[in-house]
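Trainee: If you want the building blocks of each chain, they are given just below.
There are 2 protein chains.
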Amino acid sequence: MYREQIKVLDCTIRDGGLINNHDFDEHFVRSVYKAISEAGVDYVELGYRNSKKLFSSKEYGLWKFCDDDVIKRITHGIQSNTKISVMVDVGRVEVEEVMPKAESPIDMIRVATYVKDIDKAIFLANDFHQKGYEATINIMAISKDQGPELDEAVQQIEEESHVKVVYIVDSFGALYQEPVESLVKRFKAILKTKEVGFHGHNHQQLAFSNTIEAIIHNANYLDGTVYGIGRAAGNCPLELLMGFLKNPKFDIRPILDLISKEFIPLREKIEWGYIIPYAIAGMLNEHPRAAMALRKSEKKENYKEFYESLVSTGLE
Amino acid sequence: MYREQIKVLDCTIRDGGLINNHDFDEHFVRSVYKAISEAGVDYVELGYRNSKKLFSSKEYGLWKFCDDDVIKRITHGIQSNTKISVMVDVGRVEVEEVMPKAESPIDMIRVATYVKDIDKAIFLANDFHQKGYEATINIMAISKDQGPELDEAVQQIEEESHVKVVYIVDSFGALYQEPVESLVKRFKAILKTKEVGFHGHNHQQLAFSNTIEAIIHNANYLDGTVYGIGRAAGNCPLELLMGFLKNPKFDIRPILDLISKEFIPLREKIEWGYIIPYAIAGMLNEHPRAAMALRKSEKKENYKEFYESLVSTGLE
Chain A
1 MYREQIKVLD CTIRDGGLIN NHDFDEHFVR SVYKAISEAG VDYVELGYRN
51 SKKLFSSKEY GLWKFCDDDV IKRITHGIQS NTKISVMVDV GRVEVEEVMP
101 KAESPIDMIR VATYVKDIDK AIFLANDFHQ KGYEATINIM AISKDQGPEL
151 DEAVQQIEEE SHVKVVYIVD SFGALYQEPV ESLVKRFKAI LKTKEVGFHG
201 HNHQQLAFSN TIEAIIHNAN YLDGTVYGIG RAAGNCPLEL LMGFLKNPKF
251 DIRPILDLIS KEFIPLREKI EWGYIIPYAI AGMLNEHPRA AMALRKSEKK
301 ENYKEFYESL VSTGLE
Chain B
1 MYREQIKVLD CTIRDGGLIN NHDFDEHFVR SVYKAISEAG VDYVELGYRN
51 SKKLFSSKEY GLWKFCDDDV IKRITHGIQS NTKISVMVDV GRVEVEEVMP
101 KAESPIDMIR VATYVKDIDK AIFLANDFHQ KGYEATINIM AISKDQGPEL
151 DEAVQQIEEE SHVKVVYIVD SFGALYQEPV ESLVKRFKAI LKTKEVGFHG
201 HNHQQLAFSN TIEAIIHNAN YLDGTVYGIG RAAGNCPLEL LMGFLKNPKF
251 DIRPILDLIS KEFIPLREKI EWGYIIPYAI AGMLNEHPRA AMALRKSEKK
301 ENYKEFYESL VSTGLE
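Chains as they are written, first to last, in my numbering: chain A, 1 to 316; chain B, 1 to 316.
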């Protein structure tokens, strides 16, 4: 099971931030950063680098912006070999706001994109690479975008970009293991000079098994989150991934302790995990937005009606 | 995805009974039976047929014994094409208490066994077969029993028994998809005249994906439970399996409605699902009994300490 090239990225604060307006308090983020560091995880992603010209810092928490100063403050004094990552969305970042790597605590910038925006993603990733960062491109909603335009996009990344990794992102939690196998093989066939990564969503309880499937077919960059926190049903639970990898460089115990102390109480306040409307969205290969809206309504447990509404929308 | 030979068995009441002393009330069991029937599921397993000479009916609920009369009462008046199953454990049933099929509402009897008890299991299964029932043998704790004695046991079932199906039972939720592939192929290679079945446990969120893996390698008998109820972390959620199979004979809507009305309230009273001590037991390939005991103690959220206790026990 051990493969030296495998790198694990914890995106607890980044993907978890999607369910609490990126508003984790600094004690919580320090606790996560400390545990992830002690556990020997390779990367930790602390949030998005969105432009404050586009989003108000009054409306969102710190981790929507990930200012260099904020990152320096919460990591200060904690012994760590874990590299720091932030994510940017195409169209939501101003490149001139990203300082050269030499002036920043950030090591890696991941560019999240849809297939249709691949040119913009490559432009951003190359800018970050030129400034000294590790850069990746993460192709979202891939279960909806599996036509020939996907191969063209991956080919373009291979030829035109300086990214280190290209991620398959199952935003809708719709992939089963056979499509994961097929996608990883497709990516590997095109990407001669780059690694393949996988980011799962857990709508159908498949984020962990799909990550294993990606590993089997030689994806080497893997995302997880503590206790599976993340948008809608959440992500691949980091603790399960560490249990599977059995890499001697990892220590699962700080993560278990962190779950006991921080995540069990947090789960009482915000919701993620196996929840039927997210499962329905996953099995119908739909964005979880309708399910997320349902969970905030009085009809939150009306699963049959919700299923029927999604199915009939599909027929229109 | 559609394969006509695939048969789905719902064991909600049987495996769910392991977490509430088999004490579901009759309204609940009727609701489950009705929804399973409307959903078009092939089999429903209502409990164990234990001998009342060995267990007191004062200490356990009805579904520990599954008297023919009780089954007739709760199924009465409900239109159904779903076959009825009960499970027996080797050493806990008196064969003379099982009437001929012609006098019973039961269609199938599944014999749960460890590899070491295979002779007794074959004796029981053949007795039931002779009385007119469909019979199966379900090999439990298979993640601990993968040596050559497993092949011998499966060979013996092939040669000496009249069972219809032999199930791989991942009692500890310890299998990943590669071991599932390997086990299903091993079983298929030996079992020329019988089907292979799969029963997963969800300790590591792998019950559903392992069931898919078993399907890919031609296991045709698949267990699920409504909302994944079952011992410890529970089983493969039936609703996810139906979403995957996309067999036109199934209708997921009665199951979704049943979850809304019966299982969301039930989950407030009894516990199953993704709970870290069960995940730890699964990743260490251990019986969940220590984790189940922990969950009833004041230390129920002390995950790190629990992990360390299991790991050090393993070193003794």
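Hints are supplied without guarantee of correctness; some may be wrong.
[Claimed, not checked] Where chain A lies over chain B, by a calculated footprint (3+ residues, C-beta under 8 angstroms): (1) 46-55; (2) 72-83; (3) 132-145; (4) 169-179; (5) 207-216; (6) 271-278.
[Stated by the list, open to error] Here are the computed lysine-lysine pairs in the DSS-like style, where the Cα-Cα straight-line distance is at most 30 angstroms: (7) B:LYS188 / B:LYS269; (8) A:LYS304 / B:LYS144; (9) A:LYS249 / B:LYS246; (10) A:LYS185 / B:LYS249; (11) B:LYS131 / B:LYS83; (12) A:LYS304 / B:LYS249; (13) A:LYS52 / A:LYS120; (14) A:LYS34 / A:LYS261; (15) B:LYS144 / A:LYS300; (16) B:LYS304 / A:LYS246; (17) B:LYS7 / B:LYS299; (18) B:LYS7 / A:LYS304; (19) A:LYS300 / B:LYS269; (20) B:LYS304 / A:LYS34; (21) A:LYS249 / B:LYS164; (22) B:LYS144 / A:LYS249; (23) B:LYS261 / A:LYS299; (24) A:LYS261 / B:LYS7; (25) B:LYS144 / A:LYS246; (26) B:LYS249 / A:LYS299; (27) B:LYS249 / B:LYS261; (28) A:LYS269 / B:LYS300; (29) B:LYS131 / A:LYS269; (30) B:LYS304 / A:LYS249; (31) B:LYS299 / A:LYS185; (32) B:LYS7 / B:LYS120; (33) B:LYS304 / B:LYS261.
Keep in mind that the hints were calculated from the coordinates and are not lab data. We put the CB at the ideal spot given by N, CA and C, even for glycine.
Trainee: Give a verdict on every hint.
Mentor: Quick rundown of the hints versus the structure:
With a threshold of 8 angstroms between beta carbons, the proposed coverage of the region 46-55 of chain B by chain A is violated, since 0 of its residues qualify and at least three are required. Given a C-beta distance limit of less than 8 angstroms, the hint that chain A covers the region 72-83 of chain B is violated, as 0 residues qualify and 3 are needed. A count of 0 residues in the region 132-145 of chain B with a Cβ less than 8 angstroms from any Cβ of chain A is obtained; the coverage claim is therefore unmet, three being the minimum. Closer than 8 angstroms: that is the beta-carbon criterion, and the region 169-179 of chain B has 3 residues meeting it against chain A, so the requirement of 3 holds.
Counting residues of the region 207-216 of chain B whose beta-carbon sits less than 8 angstroms from any beta-carbon of chain A gives 7, enough to reach three: the coverage restraint holds. Coverage of the region 271-278 of chain B by chain A holds in this model, with 3 residues showing a Cβ closer than 8 angstroms to a Cβ of that chain against a need of three. A distance of roughly 41 angstroms separates the Cα atoms of B:LYS188 and B:LYS269; the hinted pair therefore is violated under the 30 angstroms criterion. A C-alpha spacing of about 40 angstroms is found between A:LYS304 and B:LYS144, which places the hinted pair above 30 angstroms, so the restraint is violated.
For the hint linking A:LYS249 to B:LYS246, the alpha-carbon distance of about 42 angstroms lies beyond 30 angstroms, and the restraint is violated. Between A:LYS185 and B:LYS249 the CA atoms are separated by roughly 34 angstroms; this puts the pair beyond 30 angstroms, and the hint is violated. At most 30 angstroms may separate the alpha-carbon atoms for a hinted pair to count; B:LYS131 and B:LYS83 meet this at roughly 17 angstroms. At roughly 18 angstroms between alpha-carbon atoms, A:LYS304 and B:LYS249 fall within 30 angstroms of each other, so this suggested pair holds.
The hinted pair formed by A:LYS52 and A:LYS120 meets the criterion: a straight-line CA distance of about 20 angstroms does not exceed 30 angstroms. A C-alpha spacing of about 13 angstroms is found between A:LYS34 and A:LYS261, which places the hinted pair at or below 30 angstroms, so the restraint holds. Of the pairs offered as hints, the one joining B:LYS144 and A:LYS300 is violated, with about 41 angstroms between alpha carbons and a cut-off of 30 angstroms exceeded. Note on B:LYS304 and A:LYS246: the hinted pairing holds, with a Cα-Cα distance of about 17 angstroms set against a maximum of 30 angstroms.
This hinted pair does not check out: B:LYS7 and B:LYS299 have alpha carbons roughly 41 angstroms apart, beyond 30 angstroms. This hinted pair checks out: B:LYS7 and A:LYS304 have alpha carbons roughly 24 angstroms apart, not beyond 30 angstroms. Between A:LYS300 and B:LYS269 the CA atoms are separated by roughly 19 angstroms; this keeps the pair inside 30 angstroms, and the hint holds. Taken as a hint, the B:LYS304 and A:LYS34 pair is honoured in the structure, with Cα atoms around 16 angstroms apart against an allowance of 30 angstroms.
Pair hint A:LYS249 plus B:LYS164 does not hold up; C-alpha atoms about 47 angstroms apart against a cutoff of 30 angstroms. Proximity of B:LYS144 to A:LYS249 is assessed by CA-CA distance (about 27 angstroms); at most 30 angstroms being required, the pair is judged to hold. Our distance criterion of 30 angstroms between C-alpha atoms is met by B:LYS261 and A:LYS299, whose separation comes to about 12 angstroms. Distance check on the hinted pair: A:LYS261 and B:LYS7 sit about 43 angstroms apart at the alpha-carbon level, beyond 30 angstroms; violated.
Taken as a hint, the B:LYS144 and A:LYS246 pair is honoured in the structure, with Cα atoms around 19 angstroms apart against an allowance of 30 angstroms. Simply put, B:LYS249 and A:LYS299 have alpha-carbon atoms about 28 angstroms apart, close enough for the 30 angstroms limit, and the pair holds. Taking the CA atoms of B:LYS249 and B:LYS261, the gap is about 23 angstroms. The hint holds against a cut of 30 angstroms. Using a Cα cut-off of 30 angstroms, the hinted pair A:LYS269 and B:LYS300 holds, with the two alpha carbons roughly 19 angstroms apart.
A hinted pair counts as satisfied when its Cα atoms are at most 30 angstroms apart, and B:LYS131 with A:LYS269 does not qualify at roughly 55 angstroms. A distance of roughly 18 angstroms separates the Cα atoms of B:LYS304 and A:LYS249; the hinted pair therefore holds under the 30 angstroms criterion. Restraint check for B:LYS299 and A:LYS185: not satisfied, since their Cα atoms lie roughly 45 angstroms apart, outside the 30 angstroms limit. Note on B:LYS7 and B:LYS120: the hinted pairing holds, with a Cα-Cα distance of about 26 angstroms set against a maximum of 30 angstroms.
Proposed proximity of B:LYS304 and B:LYS261 is contradicted: the alpha carbons are some 36 angstroms apart, above 30 angstroms.
Of the numbered hints stated above, those contradicted by the structure are hints 1, 2, 3, 7, 8, 9, 10, 15, 17, 21, 24, 29, 31 and 33, listed in ascending order.
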